[in-house]
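Participant: Put together the whole structure using the sequences plus the hints.
Chains as they are written, first to last, in the numbering used here: chain A, 1 to 175; chain B, 1 to 705.
Heads up, a few of these hints could be off.
What the hints assert, rightly or not - Cut-off 25 Å, straight-line C-alpha distance, at most; resulting in silico cross-link-like pairs (DSS-like, lysine-lysine):
#1 B/K420 - A/K146
#2 B/K305 - A/K22
#3 A/K22 - B/K453
#4 B/K457 - A/K22
#5 B/K178 - A/K22
Claimed, not checked - For each label pair, taking beta carbons as the anchor points, the in silico distance ranges come out as:
#6 A/V31 - B/V593: 51 to 59 Å
#7 A/I24 - B/V506: 46 to 54 Å
#8 B/A528 - A/I24: 37 to 45 Å
#9 A/V109 - B/T632: 48 to 56 Å
#10 B/M363 - A/K22: 25 to 33 Å
#11 A/Q43 - B/P192: 46 to 54 Å
#12 A/T84 - B/G574: 54 to 62 Å
#13 A/V31 - B/L587: 31 to 39 Å
#14 A/E86 - B/G574: 44 to 52 Å
#15 B/P586 - A/V31: 33 to 41 Å
Everything labelled a hint here was simulated from the structure, so no lab data went into it. A virtual CB, placed ideally from N, CA and C, is assigned to each residue, including glycine.
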Amino acid sequence: MTQTIATPHTMPIARSGGGRMKFIIGGLLIVSAIIYLIFTATQSTAQYFLTVQELSERQSSLVGKNVRISGAVVGETITYNSQTLELKFTVANMPADIKDIDAQGGLGVVLKNAVNDPKATRLNVYYKGPKPDLMKGESQAIMDGKLLADGTFVADTLLMKCPTRYEQAVPDQTK
Amino acid sequence: MKDENNFILHNSSFILSIMALNLGLTSLFLAFLSAVYAVVVVLAINPRKHEAWVESARNASILTFPLLTLAALSIIILIVQGHYEVAYVANASSSTTPWYLKITALWGGQAGSLLFWSWLMSAFTSAVMLRNWKRDRSLMPYVILVSMITLGFFLYLSLFIENPFERLWQNLSTGDVKPALFQPANTQLFIPRDGNGLNPLLRHIGMIIHPPMLYLGFVGMVVPYSFAIAALITGRTDDEWIRTTRRWMLVSWLFLSLGLILGGRWAYDVLGWGGYWGWDPVENASLMPWLTATAFLHSVMIQEKRGMLKVWNMILIIVTYALVIMGTFLTRSGVLSSVHAFAQSAIGPLFFGFIAITFTASMILLFWRWDRLKGETQLDSLLSREAAFLLNNLLFMGVTFATLWGTLFPIFSELVTNQKITVGPPFYNQVNGPLLAVIVLLMGIAPLVAWRKSSFKALGRLIWIPAVLTLVSLVAFYLLGARTLASQLGYGIAAFVGFTTLSEYVRGVGARMRLGENVFVALINLAARNRRRYGGYIIHLGVVVMAFGVVGSYMFQQETQASLKPGQTLALGGFTMRFDSLTQFPLEDGREVSRAEVTVLDQAGNSLGQLFPRHDLFDSGQPMTIPGVRSTLGEDFYVLLVGWEPIAANGATFKIYLNPLINLVWLGGLVFIIGTLVAAWPDADEEKRYIAESVSTLERAVKAS
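Facilitator: Listed below in structure tokens is the structure:
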């Protein structure tokens, strides 16, 4: 151990040994505080990506949790009050994975099948805010929100996706 | 179809397109060969013995720049001439695209932006070769090696995975259209009448300059990494590489900072959600290398002053490089869906492999040279500048790790639990909010703490005046409406740091004035004599101004929404908005515009002016919401037109945000950039001193041998 710059008032060996320990303990304290912060924040803000089917299967354990859900909009269920900005509609279960959607013939086919399938699980949605342009039957609604105990899903954000003639994804911009 | 083809075959512009295509493709291929050649030469020879071979490798790496310039120009020619048989041109441009957007379409799509990345990288590499060749002669062979491996990787992607010169071919029996480089059997060239055009959200001035700035920042950070690896390979792990690369790092950091600020401004102007930073995966991807580079720029000072933290600085450089490559990958691969998910492709595994290999190789080199990187001195006291820098680094790494964790969480959760779980902005606010607040606070205290060892008494003497001024300001902030604990804390930290930083200037200027200089001369001399230090303090002041803007716009943002009939009003935060009328009209480029006229009124009912929020629907189905904003230093009154009655145009829905102090974010950004320019501007004295030192070292070495 070479101490090239020894300050007059420090005892190199003894000080540096104790000093090192101080730094290690201090560093560990800060690192564990950061890890604790990350851990608790992850738990309290985690948001689950679910299909309508998965949501209904795990309904009891998910009440009040942040959930992102996607479903096919059933056209005749849409009601909108343009004065109070209250939007209500029902979505039918559809696969969420892009690979599954492609395997079943693309977004347009999947949405049509989901809406016309009487056995598909359905979910009532409530959203307060302006009705998006693309809100219509056989479009895909992607919603962030919480499930109420009565089984209604209250969406905080609502993003619509339509099968368009371009393949490129519509950018997520509904924050 | 056939006739049309024949017609076009005789057209001179078609011949030009074939020429541009072949020229571009050939020069891209030759650039790849040059990079591979340089790598092979450096690996095959002993650089100390074969001078001529090293020069040859250098020339090959400089050659990549003119070659890639030709390739990039070829694409621009194809776009400007509208050759939509080229798949990239059809995707990124259209006949209604204005000429300046045709040029920026070079980086508007995936394949073009990869080539653009390589072109910037080759420009940086050539500049390094020409500027640093003599001065860092012994490191240069390996700088060539590392930078050409990186460039070679990107050129490989451009050639074999995402080739911007692919043309569209139609199968004669099935009619399917597929892009390919060479004509597949049983096909003919397919020429669409028009292209898809650039995504409308990207047709914005911010989008023209934001990606080049970001990319300049990214590719620039490859230079310090190349020098670091060269230092590890040659064993010349003294301070030479650090001194050479500090300014390269600072310049890249400047571009990356500019890119981040412009990106925020673009989001605020175009995305229509009232904010400028959403912790989007792609935003995070460009923030992470910025954070580690910032940590490096600070800890490098300890290495220069005290000869410590050499291993740590190496790690910061290596991590920054890995994050730069990962940032390009996250932006370009579409692995995480986000605002930027327009660019999706299958280049993910290649990127992942490249990051894994370079990171592992770098770490092995680091362990191999561990002995040479031992610190020359030790830390003395917890209350010292060194300890403050260490804490700064720890916190910056904490923010980086938290951001990485949040960004990759959906991927890991899906791998481990088969269930996609994400964390959104609340996660980042909870974790990074407090950490960044502590970093800002530290920014105010650390410059006052002495090197090696300080005492609370000495610190107290420097801090008490700023502390008193802060308390006075807190009362003022309270009276102005900041009545929550969090906002008092946020404003308080910002004010305190502002005062301590200014006190550093006051002390410096005071000392000079006692020598007989007047205030202005003293201030200019102070900054000119120690540009790094006082440029750094300007950057700190920029952060303080931005902090006021962030706290104000985050904690006091108000929003409301309502449907209004003409003449009806909506009030928010002391302002009232009256809806006057709505008009709808098509534009030449095919978009359908709905434009509202609203009047903003103050509390007494006086008009403050009209705003025109609008909603454009492009024929591709892509909507764009352009806010009407009344912008003052105090706040932005930000009006969005979000819905309207389709036929009679007698009602419309508005969303209004009141964003207090948001302009301080942009103003602080400007101060920040000015400070960086002051700190990074080449210093003639420093250059001379440095060259004199290098020469004397060389002379000593010659004498010794």
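Participant: Output the indices of the hints that this structure fails to meet, ascending.
Facilitator: 5, 7, 12, 13, 14 and 15
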